[in-house]
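Trainee: Listed here are the chains, written in short residue letters.
Protein chains: 2
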Amino acid sequence: MTYTIQVKVMPLKELLDPQGKAVRGGLENIGIAGVQDVRIGKNVTLYIDSASEEEARQVAEEAAKKLLANPVMEYYEITV
Amino acid sequence: MTYTIQVKVMPLKELLDPQGKAVRGGLENIGIAGVQDVRIGKNVTLYIDSASEEEARQVAEEAAKKLLANPVMEYYEITV
Numbered sequence: 001m002t003y004t005i006q007v008k009v010m011p012l013k014e015l016l017d018p019q020g021k022a023v024r025g026g027l028e029n030i031g032i033a034g035v036q037d038v039r040i041g042k043n044v045t046l047y048i049d050s051a052s053e054e055e056a057r058q059v060a061e062e063a064a065k066k067l068l069a070n071p072v073m074e075y076y077e078i079t080v
Numbered sequence: 001m002t003y004t005i006q007v008k009v010m011p012l013k014e015l016l017d018p019q020g021k022a023v024r025g026g027l028e029n030i031g032i033a034g035v036q037d038v039r040i041g042k043n044v045t046l047y048i049d050s051a052s053e054e055e056a057r058q059v060a061e062e063a064a065k066k067l068l069a070n071p072v073m074e075y076y077e078i079t080v
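Top to bottom, those sequences are chains A and B. Using our numbering, read the first sequence as starting at 1 and increasing by one per residue. Using our numbering, read the second sequence as starting at 1 and increasing by one per residue.
Source of the hints: derived by calculation from the structure; they are not laboratory data. A few of these clues could be false.
Same chains, same label: a pair holds when it works inside one copy or across any pair of copies.
[Claimed, not checked] List of simulated lysine to aspartate or glutamate pairs, EDC-like, C-alpha gap at most 16 angstroms:
{"id": "1", "residue 1": "Lys13", "residue 2": "Glu77"}
{"id": "2", "residue 1": "Lys42", "residue 2": "Asp17"}
{"id": "3", "residue 1": "Lys42", "residue 2": "Glu77"}
{"id": "4", "residue 1": "Lys66", "residue 2": "Glu28"}
{"id": "5", "residue 1": "Lys66", "residue 2": "Asp17"}
{"id": "6", "residue 1": "Lys66", "residue 2": "Glu54"}
{"id": "7", "residue 1": "Lys65", "residue 2": "Glu28"}
{"id": "8", "residue 1": "Lys42", "residue 2": "Glu74"}
{"id": "9", "residue 1": "Lys42", "residue 2": "Glu54"}
{"id": "10", "residue 1": "Lys21", "residue 2": "Asp37"}
{"id": "11", "residue 1": "Lys13", "residue 2": "Glu55"}
{"id": "12", "residue 1": "Lys13", "residue 2": "Glu74"}
{"id": "13", "residue 1": "Lys21", "residue 2": "Glu61"}
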């Protein structure tokens, strides 16, 4: 079966996110108020062929750890 | 109250996603098998000051429509 797994990769909370800051400024400029902060990361959708959901999640975990996220600057969350 | 809202911006399903294709190749190269396809988009976290969740969602919707997503190439999903 093919499982669809989402890997969300976001900048660590301790780090500045200049892209997010720029978007916050942009929102203000076009008149959208009330946005206190913006953080921008990646969303990776993996379509994994696997016998079980557990196995697919492990493949995604390995992919996130080895390729998708840089642990120095980013953390990730996996949802099936 | 400050609401945390996630806006997921992904390339439309009809379009090629060269970044995703590259990552799929990369996963294969480092020995992670079983990944049929990869799509890569953005994940934007908005921290919105608002009186109600409904109002915060509307601000996010407006932000997504006007700035975050390009409807020619991308679709978005909002989760509170």
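Trainee: As a check of your reading, is lysine 66 near aspartate 17 (CA-CA no more than 16 angstroms) within one copy, between copies, both or neither?
Mentor: neither (23 angstroms within a copy, 21 angstroms between copies)
Trainee: Checking lysine 13 and glutamate 74: alpha-carbon separation at most 16 angstroms within a copy, between copies, both or neither?
Mentor: This pair counts as within: shortest intra-copy Cα distance 9 angstroms, inter-copy 27 angstroms.
Trainee: My question is about lysine 13 and glutamate 55: at a cut-off of 16 angstroms on alpha-carbon distance, are they close within one copy, between copies, both, or neither?
Mentor: neither (30 angstroms within a copy, 25 angstroms between copies)
Trainee: For lysine 42 and glutamate 77, with the copy left unspecified, which applies at a CA distance of at most 16 angstroms: within, between, both, or neither?
Mentor: Close inside one copy (11 angstroms) and across copies (14 angstroms); limit 16 angstroms.
Trainee: For lysine 21 vs aspartate 37, is the C-alpha pair at or below 16 angstroms within one copy, between two copies, both, or neither?
Mentor: This pair counts as within: shortest intra-copy Cα distance 7 angstroms, inter-copy 32 angstroms.
Trainee: Cα distance capped at 16 angstroms. Does lysine 42 pair with aspartate 17 within a copy, between copies, both, or neither?
Mentor: both (13 angstroms within a copy, 14 angstroms between copies)
Trainee: Within a copy, between copies, both or neither: where do lysine 42 and glutamate 54 come within 16 angstroms Cα-Cα?
Mentor: Neither. Shortest intra-copy (23 angstroms) and inter-copy (26 angstroms) distances fail the 16 angstroms Cα cut-off.
Trainee: One pair to classify: lysine 65 and glutamate 28, alpha carbons no more than 16 angstroms apart. Within, between, both, or neither?
Mentor: between (36 angstroms within a copy, 14 angstroms between copies)
Trainee: One pair to classify: lysine 13 and glutamate 77, alpha carbons no more than 16 angstroms apart. Within, between, both, or neither?
Mentor: Cα proximity of lysine 13 and glutamate 77: one copy only (14 angstroms, versus 23 angstroms across).
Trainee: Checking an output row: lysine 21 and glutamate 61, CA cutoff 16 angstroms. Within, between, both or neither?
Mentor: neither (29 angstroms within a copy, 19 angstroms between copies)
Trainee: At most 16 angstroms between C-alpha atoms: does lysine 66 with glutamate 54 qualify within a copy, between copies, both, or neither?
Mentor: Neither: 18 angstroms inside a chain and 39 angstroms across chains, both beyond 16 angstroms.
Trainee: If the cutoff is 16 angstroms on CA atoms, where do lysine 42 and glutamate 74 land: within, between, both or neither? Let me know, please.
Mentor: Answer is both; intra-copy 10 angstroms and inter-copy 14 angstroms each pass.
When each numbered hint is compared with the structure, violations occur for hints 5, 6, 9, 11, 13.
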